[in-house]
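Colleague: Listed below, chain by chain, are the residues.
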Amino acid sequence: MAEVARTRSVGFRATGGWIGHFLDSEKVFGYVLVAPAVAYIVLLVGYPFAIALWFTVSNATVAHPIANFTGLTNLVAVLDDGIFRRALINTFIFTLTSQALQMVLGTILAFLLLRKFRGRRIARALIMIPFTIPIAIGAMAWTWMLNPTYSVINWVLVHAGLLTQGPNWLGEEYPAMFSIILVNVWRNLPFTAIVLTAGISAVPQEIIEAASLDGASWLVRWRKVMVPIIARVHLHRHDRCLAHDERQPRGCDARHRLVCVPDGRRRGIARPGRHDVALPLPGHARGRHRHPS
Amino acid sequence: MAVLTQARVQHSTAFRLRKLRGQVLFWFVLSLFIIFACFPVYWMFLTTFKQVNDLYNLQNNPLLFQLAPTLDQVQYLFERTNFSTWVLNTGEVGLAVVVITVVICVPAAYVLARSQFPGSGSLGMGIFLTYLVPPTLLFLPLSQLVVGFGLVNDKWSLALVYPTFTIPFCTWLLMGFFKNVPREITEAARVDGCSRLGAMFRIVLPLSVPGILTICIFAFTLAMQEYVYALTFVSSSDQKMITLGVVTDLIRGDVFFWGSLMAGALIVSIPVAIVYNLFMDTFVRGITGGALK
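Those sequence lines, one after another, are chains Z and R.
The opening residue of the first sequence carries number 1 in the numbering used here; numbering runs sequentially from there.
The opening residue of the second sequence carries number 1 in the numbering used here; numbering runs sequentially from there.
So here's chain R without its partners, still in its complex pose (with noise of 0.2 Å):
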């Protein structure tokens, strides 16, 4: 009996050994992968942050602040360089560019996820695969018809062009979100003498506002990535969106403005690191959108 007990006793410590070994092998991993994502936006903050006497000296460790951190790099962002007017920019192409999105994408979203006719899955496949066509291909045909629409170096151009990937995109994360919505709910409405069009706006579309408003923030958030064409259309400053205006006005020559660059790059980062992860889990079930139901 005694042996019994005992025997029950070392397995119990063994087992919680086990149990305290796979829980220190997991946080160990999973902060190895934090790291490795979030150090980055460390360096960012450290450098934006840092005096210019802190940050350049080799002797000082460059993890921490050695000096007093100081607001002399983001007060030059703002005061020495457009970054203003490209903020205002990036608002104004990237509205226009959710508005052209929303308004094409909905409807042909709607008929693609619940319609069928003649030629609907390969339209569908068609949209689908436009996405693939990669900007380095298309930018050089695509300044040929900016010039055409008489908007060369004007952000407007890219009010027109991005919905070229916005639309692809946003319509196959839609049709997920309206697969969802049964259609058993629009057939009743049907049978109560409720048009296509009215079932289309009475029923399924008020069901499907948080599709819709994550279809909004990822076709704002795409236009505020984008690089390629943006590079490739607008030159002057003052039409600049925030990215492009980041990246290419903060380099003089061969002078980095590094200070001023990594204050640009974290304002830019961070609301949209905040408004990416709430509407994480609407994304990810539109992508896999009813996928083993």
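Okay, chain Z solo, but in the shape it has when bound (with noise of 0.2 Å):
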């Protein structure tokens, strides 16, 4: 016990001296270091922020920044504005299909990318393309593409045969929707897919294995086994950030096992011992598949 108190009194001198010291309180050490990055954030997020609200409530013009309180009416002014409304809407409609779109490409392009197949890696990397190019750019070639007088999407359409005139992608209503929400869905599904295959990837292959000895089909498998896991490592910077959990024994907690399989049918799995991998699920997903013992 001397001998490692007097280690560590050496070892402080060794390290930067008083600084070492004064830095080994968990606390101080920890304020230290986050705090020019709390600093940055409030100065030039947390400020601008509350300005934005302030401008929300107050009659600031770009030429007048003083200015008085007004209430709601700014907020009023909005909704009353039916352009705007129209805005919201479209933004709805936008927003919704396009996530829709890109979880369900996504998911499929993931499947696919986790085969094992010659070229692989090119594949992915031309996969990727999209999401590396800045946003800007890649509008710029779409709206090359979709220019109404030069548009290559149309030559190939109609020379196809599946059309006799190409619409006015950027110029008409629905088109205009049609072909922001494609580039959206373009720009983002290389990025949905890479992060859903981490996801499937990490789901250990026992609990498939265990899962589909105990007859869950295919669509059972992905839906009550895979997806909450998946669901898990999509929120895992959230618990990441919040819950520092990670001395609490998991072990052999019965409440987070997926699968409990009965003993006598254990023989028959590749690698018996491990298949009590123990995995704090969200609550639909625990234990759902017992087997009926």
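I should point out that these hints are in silico values taken from the structure, not numbers from a laboratory.
Careful, some of the hints might be misleading.
[To be verified] Here are the simulated DSBU-like pairs of lysine-lysine, each with C-alpha atoms no more than 35 Å apart in a straight line:
id	chain 1	residue 1	chain 2	residue 2
1	R	Lys-179	Z	Lys-27
2	R	Lys-19	Z	Lys-116
3	Z	Lys-224	R	Lys-19
4	R	Lys-179	Z	Lys-116
5	Z	Lys-116	Z	Lys-224
6	Z	Lys-224	R	Lys-179
Two chains, two frames, a set of hints: combine them into the complex.
Modeller: Next comes the structure, spelled out in structure tokens:
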């Protein structure tokens, strides 16, 4: 014990003297190291954000930034504006459609990319391209592809015999909405697929095996086993910030078991010792696939 | 006996047929995705190197070169526009953003991922949430701040505001890497007399070099891709970054210089695409960082 204490005090001197000593309190260390980030964010996000909120309830203009409180006048004015309401509805249509398409296509793409095939890395690199191109640049390329006169998309559609004359993509109501959804899906699909790939490959193989031995069909395996685990990967960034529960034993808590296979059937599984993988899962996924014993 | 063998052969043919059909379907769907992802880039490439007579001739098949390829558009880009200045500006501002981001993010992510102190959870969450505040909300108040700093129409204003989104993003990504370094290693170092700061600099940071390199790359490319702030804070051509320059300076009134526009787009996109693909695996490891361990 005394030996440890001596080594430690020598260690302080060896690693930065009083600064090291001062920072040795976990609290002080934490606050000092996180301070620059907090300061930057408060000054350049927090403060502007507060100003933006103040602008919504004041009559500030670019020429007269010093303004009076006007209550909800601005909000009422905006909600009275037909164009704004239309824009709001458009935003909902755009976001919902685009996200739904991304999730469906992204899942298909993720499963394709998870297969082992020759040229997989090249295929993945090609698929990733839209995500790597700066948004403004990608948008310009699509503006050019959807040009009313020189649209290559229309050329292809007409020459494939699908249309006699292509629409003016960006100049008509429905084609315009379709076009921006298409471009948004093009841009974000690779990212969705890559994140889903990571999520799917994080599902332990043992669990899938156990579920299929228990007679779960492909659809059930996907909905009841994989989706909850993938959702957990996606939500992980939150719990990484929120919960410091790393040290809590997760071991053999029955609550955390996903698939409880009766003892008799364990012998049939490749690695019998390992399929009690302990996973804290969202409530509805827990223990649904218990084998009727 | 003979019947049995025959049955087995038939089964095997049917099996092989089914497998073949699966293969064909797989490659067909995958190629559809790849064409969707890459066609705009192919179109950029064609537009860049086509002669003007070929590009604007509606009788020609737009998917192929009808006349010999030319470098005229690229030449125009380098000789008649500020393209090389934009590249230089992007390098300078991008580097400044990377330095600010790394200096602020590394310590913050380190303590948020590995230390417990009052409020660490909510601080981590708060920093992550700022990433969700859209630039379209902040650019008006931020422009006042930019005026306050005396950086109107100056590329360095961008170096000041870009960390507002690179810091939250990179902190969140880095936390994943830091969490993956086993706690036992630092504990051992602490017992051996290393201070907290010493453990960070001597043990964890050297182990996290790939992660730190990844956030450098992402900070740079995020800065390079940004559009809203660049458009708001910078107006003279010699202060523009590459993305803004290509998209704004090559459109004069109603005239789009499509050839040079796409040449610029291609030159911006290719290096970013290559770098992104090189770092994709590390990036994915960062987002899913230890999700299911």
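Colleague: Now tell me if each hint is right for this structure.
Modeller: Now the hints, each set against the structure:
no.	hint	in the structure
1	R:Lys-179 <-> Z:Lys-27	holds (19 Å)
2	R:Lys-19 <-> Z:Lys-116	holds (15 Å)
3	Z:Lys-224 <-> R:Lys-19	holds (27 Å)
4	R:Lys-179 <-> Z:Lys-116	holds (30 Å)
5	Z:Lys-116 <-> Z:Lys-224	holds (25 Å)
6	Z:Lys-224 <-> R:Lys-179	holds (29 Å)
In summary, the structure agrees with every hint in the numbered list given earlier.
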